[in-house]
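*Asks:* Okay, here's what each chain looks like letter by letter:
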Amino acid sequence: DAKTTQPPSMDCAEGRAANLPCNHSTISGNEYVYWYRQIHSQGPQYIIHGLKNNETNEMASLIITEDRKSSTLILPHATLRDTAVYYCIVSGGKLIFGQGTELSVKP
Amino acid sequence: DAGITQSPRYKITETGRQVTLMCHQTWSHSYMFWYRQDLGHGLRLIYYSAAADITDKGEVPDGYVVSRSKTENFPLTLESATRSQTSVYFCASSEVGVSTDTQYFGPGTRLTVL
Chain E
1 DAKTTQPPSM DCAEGRAANL PCNHSTISGN EYVYWYRQIH SQGPQYIIHG
51 LKNNETNEMA SLIITEDRKS STLILPHATL RDTAVYYCIV SGGKLIFGQG
101 TELSVKP
Chain S
1 DAGITQSPRY KITETGRQVT LMCHQTWSHS YMFWYRQDLG HGLRLIYYSA
51 AADITDKGEV PDGYVVSRSK TENFPLTLES ATRSQTSVYF CASSEVGVST
101 DTQYFGPGTR LTVL
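In the order they appear, the protein sequences are chains E and S.
All residue numbers for the first sequence refer to our numbering, where the first residue is 1 and numbers rise by one.
All residue numbers for the second sequence refer to our numbering, where the first residue is 1 and numbers rise by one.
Everything labelled a hint here was simulated from the structure, so no lab data went into it.
All residues carry an ideal CB built from backbone N, CA and C; glycine is no exception.
There could be a bad hint or two in this list.
[As the list claims (entries may be wrong)] Cβ-to-Cβ under 7 Å is the rule here; a few derived chain S residues that face chain E: (1) Trp27; (2) Ser30; (3) Gly42; (4) Leu43; (5) Leu45; (6) Phe90; (7) Gly106; (8) Pro107; (9) Gly108.
Required output: the full structure, derived from the provided sequences and hints.
*Replies:* So this is what it looks like as C-alpha cells:
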C-alpha cells in the first residue's frame, strides 16, 4: 500500500545540488509530504514537509507540483555527510516509511 | 542533555527471556512511538502513545508491551523474546499528533535474540 515512489538510488557530486524526486499520484487533499533521511546506523532525521506550497529551511527545499502528484527535495550544495537514505512520506494518518532513495555523494 | 535517548544501545538476549528497551525524551512531547527496522521492511510502527497512560497499537504490536506512566518515558517490553524480534528498534517523539507532525528519533537499540 505504498503511497510514494522513489528511485532506489542516486549519485551526486560533492558541492552540486542533489534533486531527489518522489511520485505520490494518489495523494489526498489533506495529506502532507514529509521528507526524512537516515544516515547509516542512525535514527531517521526530519528534513522538511509541505502541503501545497514550496518550502525551504536550513537543510533543504521542497518543491511540490501544482497538482501535488509529485515533489522534489533539493539539497542545494551536497556534502559527503549528506550520504543517506532519503524517505518521501505522504502523511495523512501515520508515517509509513518505504524503501527510500539511497543518495551517495561522491567527492 | 536535551533530546531523546534510548538504552541500551546494544542488547543480546536468548529466546524466551523478557527484555525491556528504554526511551526517554526531555522535550515534554505528548506523543511517543516505537518502530522496528528490518532489512526489506523499512521502519514499521509497533506502538504509540498520545499521552501518559494512553497507548495504542501500530502495525506490528504482537509480542510487545508498552507503558507510559510518565510523559518522558516510554519503555517497550518483549515479554518472551523470539528470534524474529531481532531488529533495530527506534523510539521517536512528537509534539502534536501521529499524522501531521514532525517526529524526532532516538539513536536506536540493536537487539539480537539468540
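*Asks:* Any of the earlier hints contradicted here, and which numbers?
*Replies:* The structure conflicts with hints 1, 2, although it agrees with all the remaining ones.
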